[in-house]
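Chain A is already provided as a structure; the job is to place chain B on it using the hints.
Chain order of the listed sequences is A and B.
For the record, in the first sequence the residue sitting at position 70 is 70 according to full-length UniProt numbering, with numbers rising by one throughout.
For the record, in the second sequence the residue sitting at position 17 is 17 according to full-length UniProt numbering, with numbers rising by one throughout.
Hint data in this document are derived by calculation from the structure and do not stem from the laboratory.
Some clues are possibly wrong.
Said to hold, decoys possible - Only pairs whose alpha carbons sit at most 30 Å apart, straight line, appear in this in silico BS3-like list of lysine-lysine:
| no. | chain 1 | residue 1 | chain 2 | residue 2 |
| --- | --- | --- | --- | --- |
| 1 | A | 103 | A | 148 |
| 2 | B | 166 | B | 100 |
| 3 | A | 273 | A | 33 |
| 4 | B | 177 | B | 166 |
| 5 | B | 170 | B | 102 |
| 6 | A | 103 | B | 170 |
| 7 | B | 100 | A | 344 |
| 8 | B | 100 | A | 103 |
| 9 | A | 40 | B | 51 |
| 10 | A | 301 | A | 286 |
| 11 | A | 286 | A | 273 |
| 12 | A | 267 | A | 103 |
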Amino acid sequence: MRPLRNVIYIQTQNAWVHKDNDNLVMKVGDEIKARVPIHKLQGLVCFGQVSISPYLMAHCSENGVTITYLNQFGKFLARVEGPVSGNVLLRRTQHLTGADRDKSVAIARTMLSGKLYNQRAVLRRYLRDYGDQADGQAMAAELTTAEKRLSRCLNQLADCDAIDTLMGREGEAAQVYFGVFQYLIRQPDFQFDARRRRPPTDPVNALLSFCYTLLTHDCRSALETTGLDPASGFLHQLRSGRPSLALDLAEELRPMIDRFVLSLINKRQLSLKDFEEWPNGSFTLKEEPRRTLLAAWQDRKQDTLMHPWFEESVPIGMLPWTQAQILARFLRGDCDSYVPFLWK
Amino acid sequence: MEPEPIYLSRLQHYLYCPRQFALIELEDVWVENQFTAEGKVLHQRVDQPDKQKRGDIRSVRSLRLSHAALGIEGVADVVEYHIQPDGSEQPYPIEYKRGKPKQHRADEVQLCAQALCLEDMEGLLVPEGALFYGEVRRRHVVYFDATLRELTLQTIQACRDIVQSKTTPKAVYKAGKCRNCSLIEQCHPQDFTRPASVWLAQQLTEN
Chain A
1 MRPLRNVIYI QTQNAWVHKD NDNLVMKVGD EIKARVPIHK LQGLVCFGQV
51 SISPYLMAHC SENGVTITYL NQFGKFLARV EGPVSGNVLL RRTQHLTGAD
101 RDKSVAIART MLSGKLYNQR AVLRRYLRDY GDQADGQAMA AELTTAEKRL
151 SRCLNQLADC DAIDTLMGRE GEAAQVYFGV FQYLIRQPDF QFDARRRRPP
201 TDPVNALLSF CYTLLTHDCR SALETTGLDP ASGFLHQLRS GRPSLALDLA
251 EELRPMIDRF VLSLINKRQL SLKDFEEWPN GSFTLKEEPR RTLLAAWQDR
301 KQDTLMHPWF EESVPIGMLP WTQAQILARF LRGDCDSYVP FLWK
Chain B
1 MEPEPIYLSR LQHYLYCPRQ FALIELEDVW VENQFTAEGK VLHQRVDQPD
51 KQKRGDIRSV RSLRLSHAAL GIEGVADVVE YHIQPDGSEQ PYPIEYKRGK
101 PKQHRADEVQ LCAQALCLED MEGLLVPEGA LFYGEVRRRH VVYFDATLRE
151 LTLQTIQACR DIVQSKTTPK AVYKAGKCRN CSLIEQCHPQ DFTRPASVWL
201 AQQLTEN
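Looking at chain A on its own, in the form it has when it is part of the complex (with noise of 0.2 Å):
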């Protein structure tokens, strides 16, 4: 596998970020906070005010480093990117797929096939670590019956052979999911009851929404590495301005954000002083425990996890990655079916 490269995220506000030979030095005023060879970065997310240097962004963009620029709580803002590379074919391949409404089907059922059964391998993991435990028994019994139905759906997707119905079946098994979400939450302080978005109203959707949209950037750098059109999905339908492909790419993977959130929550690493509480009832993280999250995030890509077609392991920050190329792959016709990422 290619060497993980790191992603920076700069959060101090008024940075300069400049190129000095190869590499980023990161200074606030007069004084320098940080230095980086630049060959080890895949990316770049800024927060909020941060300036970079034109020759830094000329440097990334010939180096496949994508810039990303958010506001303060993670909102996208722009991106700067250099030449696309070629790969015409690739993408023409992409859209005429994208177009053939039985292929797309196809696509879209392999990738919610493997959300289905990672969300499954969320709920077994926990009930083999958990499920004995006496004051758990009740606990037990109903993420039993989730897991079950969770066995359903995923069955039942073979039998889906349009995007509504797969959509339908979808939608059905996070019901399911997130209807016992709350019993892998060990710290009461947090409750959870739905999942929640556009805003999100507890602290625990606040953390789910935020870590969704870095994976969702993770894939679309993924994507446009390997030459693949991120705006241009299979399941997602194309909208304007939407990285449907990227989101495409993002739901096979979510289930691993979900356990890296329910670690934050249970090891205690963010409590409920972490959040902040807006008159709309929205909740969004502060910038100081974001530093934290941000942190433990960059440690969690490095943990490797086997991937069952490679039959190697991969660190989880490359996931994005191998499968955006088992997908051009499959597209350029090597194999007969995109392979998703089963969490075994």
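Chain B in isolation, oriented as in the chain A frame:
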């Protein structure tokens, strides 16, 4: 319309592995490894366009070559013009390679294709040239005989077939070759030869 030219340097990719050629030519896949990086450094030294004359040899570096009828083009590292007693000049192509002479004929075919271009451009016969290998630091003379010329023409045609069909050949795994290939991580010669749909169905029904 003229067909898109095949680059001289790509012929050796085809002979090494047709899939490697297609990945580079059709899919813009390129990854540096130790071997390609060494080759690049070696070429940075020869790739400065330059003319020199020493005794009865005039040498030209980074000479652009093409052969319209064959649809090939590229750049020769060095072409020496050997001045004959009658004052005429005999072109003599020299290609720089890292490493040492190889079992397969990829380097010779690339050089022969340069000779074909020179013959077309200069209107005379080019009977021999040389490969300069960085590791052994010596010239290895190559005669452009009928067999090599035939192999070169066949290779050009095979490359053109891939470019026109826009299809990347399936991977064929050969341990020694694949391990030295910088594209192995992009190519996955061992993975995509398995039937993916059968494997996936099995995984999903297993509990």
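Results for each hint:
1. 103/A <-> 148/A: Given that 30 Å is the threshold and the Cα spacing comes to 29 Å, the pair holds.
2. 166/B <-> 100/B: The hint is violated at about 33 Å.
3. 273/A <-> 33/A: holds, 28 Å
4. 177/B <-> 166/B: With a Cα-Cα distance of about 24 Å, the restraint between residue 177/B and residue 166/B holds, given a limit of 30 Å.
5. 170/B <-> 102/B: holds, 25 Å
6. 103/A <-> 170/B: Measuring from Cα to Cα gives roughly 21 Å; hence the hint holds.
7. 100/B <-> 344/A: violated, 46 Å
8. 100/B <-> 103/A: It is violated: about 48 Å lies between the C-alpha atoms, which goes past 30 Å.
9. 40/A <-> 51/B: Violated - the C-alpha atoms of residue 51/B and residue 40/A are around 40 Å apart, more than 30 Å.
10. 301/A <-> 286/A: holds, 22 Å
11. 286/A <-> 273/A: Holds, at about 9 Å.
12. 267/A <-> 103/A: Not satisfied, since the Cα-Cα distance of roughly 43 Å exceeds 30 Å.
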